[in-house]
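K.L.:
Protein chains in written order, with my numbering: chain A, -1 to 348; chain B, -1 to 348.
It cannot be assumed that every hint is accurate.
It does not matter which identical chain is used: a pair holds within one copy or between any two.
Claimed, not checked - No more than 20 Å apart at the CA atoms, straight line, and that leaves these computed lysine to any residue pairs for SDA-like:
#1 K25 - R334
#2 K194 - G331
#3 K147 - E196
#4 K33 - E269
No lab work stands behind these hints, which were simulated from the structure alone.
2 protein chains.
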Amino acid sequence: MTAANFTCPIPIEQYPTVLLAHGGGGKLMQQLITKMFAPTFTVAGQNPTHHDSVALTMPPGRIAFTTDSYVIQPLFFPGGDIGSLAIHGTVNDLAMSGARPLYLSVGFILEEGLPMKTLWYIVQSMQRAARRAGVRIVTGDTKVVDRGKGDGIFINTSGVGVIEHPYDISPTSVCPGDAILLSGDLGRHGIAIMAKREGLNFETTIKSDSAPVHEPVLQMLKAGIEIHCLRDLTRGGLGSALNEIAAGAGVAIQVEEALISIPPDVQGACEILGLDPLYVANEGRFIAIVPFHCAEQALKILRHYHPEAECIGTVVGRSDRTLGRVTLQSRIGAGRLLDLLSGEQLPRIC
Amino acid sequence: MTAANFTCPIPIEQYPTVLLAHGGGGKLMQQLITKMFAPTFTVAGQNPTHHDSVALTMPPGRIAFTTDSYVIQPLFFPGGDIGSLAIHGTVNDLAMSGARPLYLSVGFILEEGLPMKTLWYIVQSMQRAARRAGVRIVTGDTKVVDRGKGDGIFINTSGVGVIEHPYDISPTSVCPGDAILLSGDLGRHGIAIMAKREGLNFETTIKSDSAPVHEPVLQMLKAGIEIHCLRDLTRGGLGSALNEIAAGAGVAIQVEEALISIPPDVQGACEILGLDPLYVANEGRFIAIVPFHCAEQALKILRHYHPEAECIGTVVGRSDRTLGRVTLQSRIGAGRLLDLLSGEQLPRIC
């Protein structure tokens, strides 16, 4: 957190909070861009915010393109904040195409009255997260809405990356017999947010798992593993992701409860809060669906990053009766259907 | 507006308004994506919203990348709505790099309680605007915030395009002697919004100029014109754009008031409202800075789209004393400084 101690480049005494004029296209907006955003996000002398759009030279390959808006509350939570989350989330969406994330855009929607220090903290957090993930913030936009018409800060990050592999990583590539690998333990992000929001105190602070996941994906591809499908386990968690893939691929999926790692403190919190950890959001976990014969090698790579990574199940077939169905084999051997929830367990989790 | 009469694909009786659950990653969000967004935005059987990110094959060339969030109020105005604006604005940002706009992403931040019909109208308007501009909406994201924490709907659109010319279109390419071309008349968008917001009635309804501008830009490039700089005249209008370019290029700029076309009804409204039309936002106008010897040819192309297009001034030099200065020669011959405004004249204009 050292970098967060840098003095705010906007004079706080003069502008303690964000004003409507900071989004108006005049001097105050220019000040915000040239003093806060540009120097913080700039790499190697490039100024990312002086133009309407930025010209980029891409390495050869298809490109991946994605967008996500972040409206999480609270803005700061154990293990991260809206800024780092906005970087990790979009990096991870690119990674889910097997792409190497390269460039991000940042669109801020600020509410009049947001403390300037809060914005500064978030901007620095984004910069650190981007640097660690090896991506560059190259273009941006700032809007300010009147007090009571927003909620402090919303952030959109869009991203482009390069796809250097030849595969079609999508549900349509999923085949019966494929192995379903889970990249780590489940439930930390959703429970960290919920605990902070509800003021719950557990013996240990549960930290969000928010982190970039492109490295294990690129390592699997580098090792020659033909990945059929990838999905990060954000809103809706593992349960929703498996349902979407089963429906999209026209297959049935079977997973084993005993193989899914859920930290005891997350499990405990879920019991208190009445939540099913299989539907709780994660921000640094994903599933990889790979041909069965690659599973062991892929798992070895995943475990290098998280020892809890596990092969949790298989794609079981394409009969009409079970199409789109996701079954969980419980610890005591009984099977239960994992359905798509109708709404969310936890609103504004990302 | 015919397409807007299609029946809303979400049953309005059951879901008359957007619920928090529509952003929760469960069944309701899936319904919104698969029934409303995907079929409307889909082209040629491609489903844009089933994956975290989309894989795109780009034509050879550098790529342009941009982002913009739209928070305009009111959502509907003469000449457009937040949906068409969100398409035109981002298409135009790409055009300002001289890029051919190709793909857009859409990020919705919806407020709980937004009428489902309003969302449906806006989605259809985006689809029509995208089709007319020749761009495809290929990926998206939907978030819902609690009532009172948003303002109906905010839209982020990010875009990628391909740069097929060899130039560096930016303030740093601007040279003394260059001609400054304005693509049409000024002030329609800002005044249309202001009139609607304030309930002002003029003899004729002033319509926003919101429109895509990539075609005239691509035509100029096709004709071999070496464009030095482009800037669309959105927030802050012509006055702010000229100031930013003068400062970025380290030059002085001189323009002539008599050559700048302002429609009489816009001029009249500005006088009533106490606004300077040179700082009012436009959403379909831009300036092109080109070598003096290309000005006539470029102007001919611009006038094909808007007969009011005009060469309004020149880049006058790089002396230390005048660096960054923008001077307006008034109709009576006097010069006045066009400075950067401190805030905005009109908040939430885009």
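K.L.:
Identify every previously stated hint that the structure contradicts and give their numbers, smallest first.
P.N.:
Result: hints 2 and 4 break, sorted rising.
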